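Asker: Sequence:
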Amino acid sequence: MTENWLPRRQDWLRLCRRVRVLTRRKDAEDHLQSAIVNYLERPEGSIEHPEAYITRSALNLSHNTRKREQVSQIASVSWEDILVDVRDARPSQEEAYESRQKLEHFYAGCQQLPERTRQVFLLHRIKKMKYRDIADLLDISSSSVEKHIIKALTFLSSWMEQ
Numbered sequence: 001m002t003e004n005w006l007p008r009r010q011d012w013l014r015l016c017r018r019v020r021v022l023t024r025r026k027d028a029e030d031h032l033q034s035a036i037v038n039y040l041e042r043p044e045g046s047i048e049h050p051e052a053y054i055t056r057s058a059l060n061l062s063h064n065t066r067k068r069e070q071v072s073q074i075a076s077v078s079w080e081d082i083l084v085d086v087r088d089a090r091p092s093q094e095e096a097y098e099s100r101q102k103l104e105h106f107y108a109g110c111q112q113l114p115e116r117t118r119q120v121f122l123l124h125r126i127k128k129m130k131y132r133d134i135a136d137l138l139d140i141s142s143s144s145v146e147k148h149i150i151k152a153l154t155f156l157s158s159w160m161e162q
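Heads up: the sequence shown at position 118 corresponds to 118 in UniProt numbering, and the numbers run straight through without jumps.
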């Protein structure tokens, strides 16, 4: 391919269709535009197959966006149901009982997690450690930390609905 490869209209439509089909996302064009910008920021001639690079970049951007959405969606839903309302210093006996039951149910769910996943999850949620710090402490990658958090949140979200 040439060093200054830019998609023509037909290339753009084909790339867009491919990214949209593979990701099933409405924001395929946005990811494709970002991928092209990333490509153009690289040194000329450093990419041997620009079309493949742009497609893969757009797919990666789409997958990363989906992961972030899933994590934030799960995190925002599950914790509101689990935590005891600390604003009311005197909950009713029924509320206290229900909260205690939820907490015990949550604890039982945590015990069902694989050891490493539980460890990563508790370091992040209870100790408020950042992904990078957890990765350094446990000698794993930040990506692994993120996967453990997603795994824990996904499992606990469905566990709490039981």
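If you are wondering where the hints come from, they were derived from the structure by calculation, not from laboratory data.
None of these values were measured; they are calculated from a predicted model.
The C-beta atom is built at its ideal place from N, Cα and C for all residues, glycine as well.
Wrong hints could be hidden among the right ones.
The list that follows gives simulated cross-link-like pairs (lysine-lysine, DSSO-like), each with its CA atoms no further than 27 Å apart [unchecked claim]:
(1) 128 - 102
(2) 151 - 102
(3) 26 - 67
Label-pair ranges, simulated between beta-carbon atoms [to be verified]:
(4) 45 - 116: 23 to 31 Å
(5) 13 - 68: 43 to 51 Å
(6) 125 - 161: 14 to 22 Å
(7) 9 - 122: 46 to 54 Å
Asker: Below or equal to 27 Å on CA atoms is what counts here, so check residue 151 against residue 102.
Answerer: At roughly 20 Å apart (the allowed maximum being 27 Å), residue 102 and residue 151 satisfy the hint.
Asker: So if I understand the rule, the pair passes when the alpha-carbon distance is 27 Å or less; does residue 128 with residue 102 pass?
Answerer: Measuring from Cα to Cα gives roughly 21 Å; hence the hint holds.
Asker: Regarding residue 125 and residue 161, is the given constraint of 14 to 22 Å on their beta-carbon distance met?
Answerer: holds, 18 Å
Asker: Just tell me: holds or violated, for the beta carbon distance of residue 9 and residue 122 against 46 to 54 Å?
Answerer: holds, 52 Å
Asker: Is it true that residue 13 and residue 68 lie within 43 to 51 Å of each other by Cβ?
Answerer: Violated, since residue 13 and residue 68 (Cβ atoms, about 28 Å apart) do not stay within the stated range.
Asker: Within a Cα-Cα threshold of 27 Å, do residue 26 and residue 67 meet the stated pairing?
Answerer: holds, 15 Å
Asker: Could you say whether the range 23 to 31 Å given as a hint is met by the Cβ separation of residue 45 and residue 116?
Answerer: Because 43 Å falls outside the window, the suggested range is violated.
When the structure is compared with the earlier hints, violations turn up for hints 4, 5 and for no others.
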